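With chain A's structure known, arrange chain B on it following the hints.
Protein chains in written order, with my numbering: chain A, 1 to 367; chain B, 1 to 326.
Hints in this document: simulated from the structure, not taken from any laboratory. In this text the structure is predicted, and so the values were computed from the model without any measurement. Be a bit skeptical, because a hint or two may be false.
Unchecked claim - Anything over 10 Å on all C-beta distances counts as not near chain A; from chain B, calculated:
| id | residue |
| --- | --- |
| 1 | Q16 |
| 2 | R23 |
| 3 | A62 |
| 4 | V66 |
| 5 | L89 |
| 6 | G107 |
| 7 | R124 |
| 8 | R152 |
| 9 | K197 |
| 10 | D222 |
| 11 | P242 |
| 12 | S247 |
| 13 | R277 |
| 14 | F326 |
What the hints assert, rightly or not - Within a straight-line C-alpha distance of at most 16 Å, the following computed EDC-like cross-link-like pairs (lysine to aspartate or glutamate) qualify:
| id | chain 1 | residue 1 | chain 2 | residue 2 |
| --- | --- | --- | --- | --- |
| 15 | A | K270 | B | E42 |
| 16 | B | K195 | B | D164 |
| 17 | A | K203 | B | E50 |
| 18 | B | K46 | B | E19 |
| 19 | A | K282 | A | E20 |
| 20 | A | K327 | A | E118 |
| 21 | A | K296 | A | D25 |
| 22 | A | K282 | A | D25 |
| 23 | A | K203 | B | E51 |
Said to hold, decoys possible - Some chain A residues judged to face chain B by a derived CB distance under 8 Å, without partners named:
| id | residue |
| --- | --- |
| 24 | A166 |
| 25 | Q194 |
| 26 | A196 |
| 27 | L347 |
| 28 | Q350 |
C-beta: ideal position from N, C-alpha, C; glycine also.
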Amino acid sequence: MPRGEIHPAHRVESLSILNEDGELDRDLEPDIDDDLLRRMHRFMLLCRRFDERMLNLQRQGRIGTFGPVQGQEAAQIGAVACLDRRDWLVPSYRETCMALWRGTPMSGLLLYNAGYNEAGRIPDEQNDMPISIPVGTQMLHAVGIAYGITMRREGDAVLTCFGDGATSQGDFHEAMNFAAVFRSPVVFFCQNNQWAISVPRDKQTHAKTIAQKALAYGMRGIQVDGNDILAVYAATRDALQRARAERDPTLIECVTYRMSVHTTADDPTKYRTEEEVELWRKRDPIRRFQKYLMDKGLVSEDEIGDLDGQVQEEIAEAWSETQRLMKEYTDPLHMFEHIYGEMPPYLAEQRRELADALAARGREGGA
Amino acid sequence: MAERTMIEALNLAMHQEMERDERVLVMGEDVGVDGGIFRVTEGLLKQFGEERVIDSPLAESAILGVGLGMAVNGLRPICEIQFSGFAYLGFHHIESHIARMRWRSQGRHAVPLVARMPYGGGVRALEHHSESREVYYGHTPGLKMVIPSGPRNARALLVSAIRDEDPVIFFEPKMVYRAFREEVPDTEETEPIGKPKVVRFGQDLTLIAYGAMLHRTLAAADRLRDEDGVAPEVIDLQTIAPLDERSIQDSVRKTGRVVIVHEAPRSFGPAGELIARIVEKSFLYLEAPVARVTGYDVHFPYLAREQAYMPDESRILAAARRTLDF
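Chain B extracted, bound-state conformation:
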């Protein structure tokens, strides 16, 4: 096994899937000669050529709209949108066509398309480069909305996404891109879409996070263990939608206390949906109100204030202690 960053792991997934299946192609701005502005598609052009690694003109709407046509006609496009903040120029194709084509064609036309997009804050970027808008896609029937947290599940989830018969919006937490290395096997590995993963077992409190926030949550969990002597269970959501939340209900019924962390704004965010499901199905097991630590309902501030906006260890810790002390 080799130690890889998330960028290298995603690159490995695309290399191997393109070798395995000649229908798979990559299209986006600067994905070819430049290897992607984050270098996620580095080397693909050299190995697979211009027909399968397309440096497209600058038009997000076209990348997604043309991608739909490719997917309907037997190809498996991986569309790269340079930053999730630029996807709105093509949002129409996601909402009006990509998400609906299976339904509208009554099952004749599936859209096996992956739209990869770096998202999230923490890298001192410009406006439109730091937001977390997974709910736009999680809210849309027909789409799968996936967010990995580290190199290993990024690779495995991307392979699953490429092989999926339905469209997958694949958000890549750019704060994690080069943050650390992890063992990622050369041999094939997949991860089921839709299933959260328990990454740390415990019985006193359930902490739920995904993407870059998983790591701040794990750091808070360490301190709860060391300073408070409690054993938190930590769940990596991995998929925003469609979410099979049974493992979450199991955890909640065991611990009775829950804190949910995301950097997306609070109102109508993923935590709201999770809390609703927990209350619907596990209300009588709760020992405390479910807490959420999230971004605020403001536009993601310019870089001098981004760390004040994003949930950090101390906010997660405070919420966990309030929940434990309730």
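Looking at chain A on its own, in the form it has when it is part of the complex:
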């Protein structure tokens, strides 16, 4: 066999529909009905404001550490808007917009971040997995969930989220390999936000794109402008269709930017320049989408102002509700719940022991 070239089954695609100034490539414009467009816009705005409020609450010491999502609203809403109700979402830890879209109440997210395990239960009708903090580990779970779907001949699909850093983990590669071999209805949704804490994308992988990593597993890979909600929507919708119809998994790389800190414990001035952040500020996903909606006559500046007021009110109500629930959730003995299906006697004994210790602490006038 002479020396030659081998061509993988797929090529790496790229997609951009709305440019930085919100100008549209009409040939590529996806057909999205007006109500859905308005809803997408509303959730982007809600999430931006909610994120700001969370940051504020964290700085006041009212809630604990969390990872802000600012700058990634188009990537998250563009993708999650393509999911059907029964589809599964397997997130990492920064999918705040997706959680809100799927139905997780803001108070649930706030309570979680204030440190109350009670808030960890996602409504039963919402097929979302809990957030996953160990980086890059959840994609394998998505493949297993997809296996259940195909074994029962259901037509649902699974969307799993992760970042650029996660693509360095072995689990990412194992998940893509299994998904392709099993013919899994999974969409691997990478939000390449350029930074894994302090490590930039080009130190994470020597490859030109993350999307191309799909080719090695016999999968499709596409790189989209992650701040262009129309491109994200179009790519995710296509990928989900192929997942359902052909059990064909896809890797989508959304090129976006983490505008804020990695988590509230992080100081980005140690590793990146304000010029770089400024460059990405000009590519803001919300303003770009608003220009498109205004050009279509779906929303006006005044309406955006009104909407902004509305979402801020909703957020204020959610925080009031959270504070009310925090007063209700006063029992630390809750930590013994949900360890096993049935509490073993030894654990019940420890539970009584903590109850006694708390009572003694109370008598001492301590915490």
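What follows is chain B alone, placed relative to chain A:
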């Protein structure tokens, strides 16, 4: 001598060991430009360059697996795992290779690797950021499992760990990281791995703790002295494994009463092992059942409940008084 936090003390240990031995290098996530998320490796990149201070891609398995290769081939890697809760992605390399390579190669390949990991609760962190799983490593033959309690022994134990010919899992109690300063000499200081240290002498009761729990134990010991007029002996374990427990047996034989404190869950925890050794060798000296004050056998709760989970002064005090009154 300078007053240093544990973070500064650990930083000093690495600075000096890297100056002393050019085989020593640091590898991990965000250890270079960022100086580590807790700033423990601050300034190392500037002084020693990218070849010896490696901002690795995000992969704990690779950090430990590649670290083994480095150690086998003449280098002395200090691998930083950002939080002990993320070590499980690389646990396979610890259990299957790092711990066993000396044995499997019949003495040809030692693995002089240090895996530094912040561990433990008390800093209002997220899930997977607060656990104490030292028993996973203490249970594994071939590994040394070390936990300092303050700036001075952190520095001295880390220097010993870096110079050790065997792999050392080095847990850093992040609740202590910036909690207080202590005199840490600029000149070299080491601390033997494997030896507990008597940090307060007494004859009525033996209190054993390590890591962040040592400080709550010392606070309880103060109250026992002031309120109960008893003289507790306090032992800082420093090493979980391999543990030379002779000084503990000596103390037990003197006091006859023992309370062991750790934030790790109770079942099959370090206290269980210590109690077994005490019962095996000093049973006839005991005046009371050995008590343990530990975390509960539950997942470390989210931050609103972490203080209810962790042993505190009042739980330690109650156990000590029960033991004294037995």
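Query raised in the report: Regarding the assertion that R124 (chain B) does not contact chain A, is the least Cβ-Cβ distance greater than 10 Å?
Result: At roughly 5 Å from the nearest Cβ of chain A, R124 (chain B) sits no farther out than 10 Å, so the non-interface label is violated.
Report task. Under 8 Å, Cβ to Cβ, is where A166 (chain A) needs to be relative to chain B, so tell me if that hint holds or is violated. Result -> holds, 7 Å
Report task. Using 8 Å as the Cβ threshold, decide whether L347 (chain A) counts as touching chain B. Result -> This interface hint holds because 6 Å falls under the 8 Å limit.
Query raised in the report: Does E19 (chain B) lie within 16 Å of K46 (chain B) when you go C-alpha to C-alpha?
Result: Holds: K46 (chain B) and E19 (chain B) sit about 13 Å apart, inside 16 Å.
Query raised in the report: Given Q194 (chain A) as an interface hint, is the shortest Cβ-Cβ distance to chain B below 8 Å?
Result: violated, 13 Å
Requested in this report: Would you check whether the claim that P242 (chain B) is not at the interface survives, using Cβ distances to chain A and the 10 Å cut-off?
Outcome: Correct as stated: the minimum Cβ-Cβ distance to chain A is 29 Å, above 10 Å.
Query raised in the report: Should the label of Q16 (chain B) as a non-interface residue stand, given a Cβ cut-off of 10 Å to chain A?
Result: Holds, because the least Cβ-Cβ distance between Q16 (chain B) and chain A comes to about 24 Å, which exceeds 10 Å.
Query raised in the report: Does the alpha-carbon distance linking K203 (chain A) and E51 (chain B) stay inside the 16 Å limit?
Result: holds, 14 Å
Query raised in the report: When you look at the beta carbon of R152 (chain B), is every beta carbon of chain A farther off than 10 Å?
Result: Holds: least Cβ distance 26 Å, greater than 10 Å.
**Report entry** Interface exclusion of F326 (chain B) relative to chain A, criterion Cβ beyond 10 Å
**Finding:** holds, 17 Å
Query raised in the report: Any Cβ of chain A at or closer than 10 Å to V66 (chain B), or is the non-interface label fine?
Result: holds, 12 Å
Requested in this report: Could you let me know if the closest chain A CB is still more than 10 Å away from the CB of R277 (chain B)?
Outcome: holds, 23 Å
In summary, the structure is inconsistent with hints 3, 5, 7, 22, 25 from the numbered list given earlier, while agreeing with the others.
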